[in-house]
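So the sequence lines, in the order shown, correspond to chains P and G.
Residue numbering for the first sequence follows the numbering used here, starting at 1 and increasing by one per position.
Residue numbering for the second sequence follows the numbering used here, starting at 117 and increasing by one per position.
The set of hints was computed from the structure by calculation and includes no laboratory data.
Careful: at least some of the hints might be erroneous.
[To be verified] In silico EDC-like cross-links for lysine to aspartate or glutamate, where the CA-CA straight-line distance does not exceed 20 angstroms:
1. Lys225/G / Glu119/G
2. Lys16/P / Glu50/P
3. Lys158/G / Glu83/P
4. Lys161/G / Glu44/P
5. Lys11/P / Glu104/P
6. Lys158/G / Glu52/P
7. Lys118/G / Glu83/P
8. Lys16/P / Glu83/P
9. Lys118/G / Glu44/P
10. Lys195/G / Asp155/G
11. Lys158/G / Glu119/G
12. Lys161/G / Glu104/P
13. Lys118/G / Glu109/P
14. Lys71/P / Asp86/P
15. Lys62/P / Asp86/P
16. Lys161/G / Glu109/P
17. Lys158/G / Asp56/P
[Unchecked claim] Restraint ranges, calculated between C-beta atoms of paired labels, are given here:
18. Asp155/G / Glu44/P: 11 to 21 angstroms
19. Glu14/P / Ala183/G: 45 to 55 angstroms
20. Glu131/G / Val5/P: 11 to 21 angstroms
21. Leu70/P / Asn128/G: 20 to 30 angstroms
[Said to hold, decoys possible] To be clear about the criterion: a stretch of chain P counts as covered by chain G if any three or more of its residues have a C-beta under 8 angstroms from a C-beta of chain G, and this derived list gives those stretches:
22. 11 to 21
23. 65 to 75
All C-beta atoms, glycine included, are put in the ideal place defined by N, C-alpha and C.
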Amino acid sequence: EAGVVQSPRYKIIEKKQPVAFWCNPISGHNTLYWYLQNLGQGPELLIRYENEEAVDDSQLPKDRFSAERLKGVDSTLKIQPAELGDSAVYLCASSLNSGGNGGELFFGEGSRLTVL
Amino acid sequence: RKEVEQDPGPFNVPEGATVAFNCTYSNSASQSFFWYRQDCRKEPKLLMSVYSSGNEDGRFTAQLNRASQYISLLIRDSKLSDSATYLCVVNRGAGNMLTFGGGTRLMVKP
């Protein structure tokens with residue numbers, strides 16, 4: 001079974017340029033997450049989707065970050081314009097259920113962004 | 117104060133050693149707890165859930181103390197392949213409202 005697929009794996013851009021990341025979750029997983037991970041730190045949640053609805057985007061810097069999940073499947077995360085401090089790994093994850101005590105999160109390999 | 121706190125390490129131990137990691141969480145309403153493992157430049161993967169009564173999976177033992185808001189992971193007979201970062205994860209409520217700690221790095225030496 002295919003896991004969570006992310007692209008691109010690596011992206012180098014100059015500051016003030018836009019960038020977009022794409023994520024294809026595991027088939028049938030209704031919950032999708034975008035996390036940001038800085039070097040030496042744990043993942044930090046940016047946004048969580050239940051199907052196509054963003055149910056937790058409180059940590060998403062809405063002045064420059066945007067996300068969408070079309071038809072409740074694939075998702076894109078966009079940064080415009082990028083700043084030097086946005087350099088990090090952007091991790092997408094999906095899970096099968098969102099109720100009860102929660103289920104296992106399956107992560108993609110991440111998109112590593114370098115802003116020059 | 118961070119919602120989930122861990123000692124970042126690194127913990128440098130010889131093969132065969134026993135090592136323990138600790139984690140504290142601030143939200144007393146947290147409902148479920150996990151340990152994830154992350155290899156260098158790889159994605160996090162679930163290692164084990166943490167149950168109130170404590171649970172064991174081979175060489176790994178996880179314990180939870182709700183009164184002290186404290187979670188632990190014990191690794192016995194450390195292997196070189198155990199070298200990784202161990203992330204403490206707390207579910208804040210119903211549904212997958214997961215918060216990750218900063219991770220504890222373990223390096224097992226021959």
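inquiry  = To test your reading of the hints: which numbers does this structure violate?
reply    = Numbers 1, 2, 3, 5, 6, 7, 11, 13, 14, 17, 20, 21, 22, 23 - these are the hints that the structure violates, sorted from lowest upward.
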